[in-house]
Amino acid sequence: MRIMQLQRGNFRLGLVALGAVAIFAATTSYLKKAPRYEIRAELRVALPLFVQVAMTMGDRYLAADVATIQTLVVDTSKMRPDEFAIQAQLQKDVSWLNPGHEDNYYVAAAILSWVGEVDTAQTVLARATHARPYDYQPAFYYGFNQLHFRHDPAGASAWLRQAATNLPDGQDKLQMQNLAAIWLDRTDDLATAILVVEDMAKQAKRPDFKKYLEMRVQRLQTLKVLRDAATTYRQRHDKAPTQLADLVTDKLIPAIPTDPFGFGYDLDTQGNVVLRTRPPVPTQTQIPVRK
Amino acid sequence: MLKSISPFVLSTWRAGLRSRSIQAILVLGVLLMGVAFLSASFSPRQPKTVALDVGLSGIRISLVLFSLFWVQELIGQEIQRRTVLFSLTYPVNRGSYIVGRYLGILGLLTIAALLLGMLLWVVVLTTGGAYEQGFAVAPGLPYWLTVFGLWLDAAVVAAFAMWIASLSTVNILPLALGLAFAVGGKSLGAVLEYMMQGADGDTKIMQLSPVLNTIQWVLPDLSRLDWRIWPMYGKVPDTQVMLGGGIMGASYVVVMLALAIYAFSRREFQ
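Protein chains in written order, with the numbering used here: chain A, 1 to 291; chain B, 1001 to 1270.
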């Protein structure tokens, strides 16, 4: 009698287990094909990402937060070029772990694009644009980078139109669409660059980061003064200046201005005034860059 | 059935409360919320979102650790110390013991999830001071549904640990394997996604793709139970995918409990 009861119990348990296995298999089969909201076309990621994920008990969001804090605690105004490369890699990792991370795309737009890491900044911003369809800013910064760093007004205008679609109907949307039309006619617009960074500084909550962005504004304003002086020099002499000191000699500026970051200004081969992205004397590489 | 299970559920709750679990939950909760609050202070633009993000991760880690601790304490230790024999003297089958203990642990997990959830929400509300971030976090249903997803995640881990405890003769095994299961299950989504994107052109890693696809039939993809994009970014996840994740988790729990009952019913205690 007891054995029969046991057998009946086992049979019922087996049936329940089989049913559960079937449901588990069916849902797993469905979920294998179901889309993931994070997946985007241009995902490229270094494997050590999974070390980051495993260290946070498999939690990709926490891994993204830890990496973002790493990028936020460094003093960006004292960083070397090789350290910026590490920061770029970290921010790219974060944009894969959590593409919607607002701080990550904001810092990428505020720092990476300005230190020669435009490609990474654009990757971060493109992913943020996809992940945040209600936020116009990542698309706007992408467009700005396209105009200012890549000298691609057509591409910039297209991204600005994308930014406009992320705005609710109204005056802001119209202004954004209008700006998209204006940008089609512009290249290398320094006045716009100053306005964009000034606006970012206004939005910054942390005082040190705000100060950092204000230093960038100051740097751009000085660059604008130097470029205007170089244009006047060209008109006077019918040739480009060969060195910045020519502008002082011609009394167009009182002295060569100092750069708040210490990198300085330079003339390119065509005699245009440009920002140095590295210090005049190369620093020694101490920290290896992950390829 | 309910009559035979209820003594085990009640004894689990009593043991859980007696072991100062609630105090432990509160202490850990306050610590985690402190971490969430501090993390938010690093955020230049979205302090509330970061506090919520880190806090939800903290809740998930806490719930998983609590579930493993309770399985270890209320089943593993009982078997080890042979005190389980007292429970088995009830005129009920051994399956009732497993189901009762599991439901008891679910009850304790519910209390922990509610307490930690409320604590986190207070932290989120007080984070950032007067600063108003551009995109607000979503309270109410999106938030509590996310906490429910994390609770379900811990419930799946607890069921797996129950199965291990039902057949293990090594005391630490449910905790160790349970932890590995929790990390593996949660990482699975990220790894599969990476593979689906071509593993960055790395052919050696791509060779592991069939293995990982097979693993998915044994190890549940726990990342499917993480719906935090909803309260964090107001992005509503696909209802069908959410439901699929929930059903997958629940069915896995049933499979694990069936295995645990089977192993425990055949186990000989000397």
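It should be emphasised that the hints constitute simulated quantities derived from the structure, not laboratory data.
Be careful, since some hints might not be right.
[As the list claims (entries may be wrong)] In silico SDA-like pairs for lysine to any residue, Cα to Cα no more than 25 angstroms straight-line: (1) B:K1003 / A:P168; (2) B:K1003 / A:F11; (3) A:K211 / B:K1003; (4) B:K1235 / A:I69; (5) A:K33 / B:V1241; (6) A:K33 / B:L1173; (7) A:K33 / B:S1041; (8) A:K32 / B:K1003; (9) B:K1003 / A:Q177; (10) B:K1235 / A:Q5; (11) A:K33 / B:F1037; (12) A:K33 / B:L1088; (13) A:K173 / B:A1136; (14) A:K33 / B:T1239; (15) A:K33 / A:G14; (16) B:K1235 / B:F1135.
[What the hints assert, rightly or not] Facing chain B, according to a computed beta carbon distance under 7 angstroms, are these residues of chain A, among others: (17) F11; (18) A17; (19) A20; (20) V21; (21) Y30; (22) Y61; (23) A245; (24) D246.
For each residue, glycine too, the CB sits at the ideal point set by N, CA and C.
Consistency of the hints with the structure:
no.: 1; hint: B:K1003 / A:P168; result: violated, 58 angstroms
no.: 2; hint: B:K1003 / A:F11; result: holds, 22 angstroms
no.: 3; hint: A:K211 / B:K1003; result: violated, 68 angstroms
no.: 4; hint: B:K1235 / A:I69; result: holds, 24 angstroms
no.: 5; hint: A:K33 / B:V1241; result: holds, 10 angstroms
no.: 6; hint: A:K33 / B:L1173; result: violated, 34 angstroms
no.: 7; hint: A:K33 / B:S1041; result: violated, 39 angstroms
no.: 8; hint: A:K32 / B:K1003; result: violated, 40 angstroms
no.: 9; hint: B:K1003 / A:Q177; result: violated, 69 angstroms
no.: 10; hint: B:K1235 / A:Q5; result: violated, 52 angstroms
no.: 11; hint: A:K33 / B:F1037; result: violated, 37 angstroms
no.: 12; hint: A:K33 / B:L1088; result: violated, 45 angstroms
no.: 13; hint: A:K173 / B:A1136; result: holds, 21 angstroms
no.: 14; hint: A:K33 / B:T1239; result: holds, 15 angstroms
no.: 15; hint: A:K33 / A:G14; result: violated, 29 angstroms
no.: 16; hint: B:K1235 / B:F1135; result: holds, 12 angstroms
no.: 17; hint: F11; result: violated, 12 angstroms
no.: 18; hint: A17; result: holds, 4 angstroms
no.: 19; hint: A20; result: holds, 4 angstroms
no.: 20; hint: V21; result: holds, 6 angstroms
no.: 21; hint: Y30; result: holds, 5 angstroms
no.: 22; hint: Y61; result: holds, 5 angstroms
no.: 23; hint: A245; result: violated, 39 angstroms
no.: 24; hint: D246; result: violated, 41 angstroms
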